[in-house]
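Trainee: Here is what each chain is made of, one letter per residue.
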Amino acid sequence: MAEDDEEAINIIRFLLEREGYELHLATDGRQAMELIDNMEPPQLILLDIMLPYVNGFQLVTHIRQKTEWQTVPIIMVTAKTSEEDVVRALDNGANDYVAKPFSPKELLARLKRFVRSAP
Amino acid sequence: MTFLLLFLVLFIRLLRTLKERRRERLFAVWRPLLAQTISEIQLEGPRVREKDIGHFLYLWNYYHESVRGEAQEHLTRLAYLMGIERAALRLLQKGRISDRLLAVTTLGNLQAKLAWEELHRLAFSASPLLSLVSARAMIQIDRSSAVSLLVPLIASRSDWPDAKLVSILGEAGCEAIAGPLSEAAFSASPERGARLIKLIEANHCVAALPLVRARIQEGNLGDRLIAACLSLFGQLRDPIDVEIVRSYLRHPNWLVRLAAVTALGRVGTAEDEEKLIGLLSDTEWWVRHRAAEALANLPFLSRRRLAEIYAEQTNPDAKGVLAPFLAEAEAC
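The listed protein sequences correspond, in order, to chains A and B.
To convert, note that position 33 of the first sequence is 33 in the working numbering; the numbers rise steadily by one, no gaps.
To convert, note that position 72 of the second sequence is 72 in the working numbering; the numbers rise steadily by one, no gaps.
Certain hints may be false.
Incomplete in silico selection of chain A near chain B, CB under 10 Å [to be verified]:
| hint | residue |
| --- | --- |
| 1 | 7 |
| 2 | 8 |
| 3 | 10 |
| 4 | 11 |
| 5 | 13 |
| 6 | 14 |
| 7 | 15 |
| 8 | 18 |
| 9 | 100 |
| 10 | 101 |
| 11 | 102 |
| 12 | 103 |
| 13 | 104 |
| 14 | 105 |
| 15 | 106 |
Hints in this document: simulated from the structure, not taken from any laboratory.
A virtual CB, placed ideally from N, CA and C, is assigned to each residue, including glycine.
Isolated chain A, as found in the complex:
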């Protein structure tokens, strides 16, 4: 997960760990780039759009350029809900989005759908 809002991290971390997921966290775009370049592809990526240094759109493009990460589902978690942002994120290669404020149940349902259908 790439997210810079401390409280959003706490909430999402609690929800995911409770469901048994292991979370790798980047709190800015640079850290996210390092994670992407140095770790094995995860089951799923949660990305905020507004991140320091490297934004979520750029991260999606970077992820989709890496052969072994190309099929990893990406869910954008963002406060920006304008149609243009959603379209841009999906155009860049994201699979879905969740708007903040979010429903924890909805986030988990979307996440489980992708994790279940992962190869």
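Position chain B relative to chain A; hints supplied.
Mentor: Chain B alone, transformed into the frame defined by chain A:
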């Protein structure tokens, strides 16, 4: 004297450090509890001391505004069980603006009807921040009553930023704002009316269109208000409005023509091609520019046709304004 000053500095730093530690301790206890509360109803938690109530409310509000639906209801229920409504009302009586803002935000998130009168009073406060936050709290408590009471303020308070108003009115929802805002827009001054129409537009409030349509067809509106209505028609893209938009393409005020041509770029059909070509020779650069942009973005107009239109132009102004859009189309 030096020792006294040194002592005072050290004392203030000590107080700040202690306050910071208290905050960290409270956050360490309450972060996991609040995170748990958003998943399931939490019936109790450790008592929050009066001097820590500000820190707790900050955290509670942050969590409350990060989630929606059932999770938010769980947090609200926990707060009522803890007596947070009364604590927020006490905090509201304090002098510091930060305390009052926190209290107002909490009362809004709690939808505390008990605080309605006080919030209504504060919405008229001279402080732009306190009044705006109070207006938002009123909308959270009772959106329809709040919008009706707040419309005169929304139109007149130039110190309320439009972006914040858009967000607050978005929380109220289109159904609650469509009637009061559009009716007020046509009884206010053209400047204030235009502001109200722009707020309707920013919230993509389709329910306001019938009244706006009827009023613009009645005529006798100020130019600024007409331009705002045309912009609204362009943004909301109801094909019914295309005739109204076309009727303003030759208006004597170039700002109205500009709004009309911009709107036509969004709602126009194949038969508007000639009208837009004609506007490439308008006396105002902005109108020419928007006409060129509208032509280039018409979904049914091919790149070849755009090149033909360019070649057909004898007016250098028209050619000049169309050239960059043609270049851009050819580069794609």
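Trainee: Each hint needs a verdict: does it hold in this structure or not?
Mentor: Hints versus structure:
1. 7: Given a least distance of 5 Å, the restraint on residue 7 (chain A) holds.
2. 8: Check passed: Cβ of residue 8 (chain A) comes within 6 Å of chain B, closer than 10 Å.
3. 10: holds (5 Å)
4. 11: Cβ of residue 11 (chain A) sits 5 Å from chain B, so the hint holds.
5. 13: Holds: closest Cβ of chain B sits about 8 Å from residue 13 (chain A), inside 10 Å.
6. 14: holds (4 Å)
7. 15: holds (7 Å)
8. 18: holds (7 Å)
9. 100: Holds, because the Cβ-Cβ distance from residue 100 (chain A) to chain B comes to roughly 7 Å (cut-off 10 Å).
10. 101: Constraint on residue 101 (chain A) satisfied, holds at 5 Å.
11. 102: Since chain B brings a Cβ to about 6 Å from residue 102 (chain A), closer than 10 Å, the hint holds.
12. 103: holds (4 Å)
13. 104: holds (5 Å)
14. 105: holds (7 Å)
15. 106: The hint holds - residue 106 (chain A) has a Cβ within 10 Å of chain B, the shortest such distance being about 8 Å.
When held up to the earlier numbered hints, the structure conflicts with none and fits them all.
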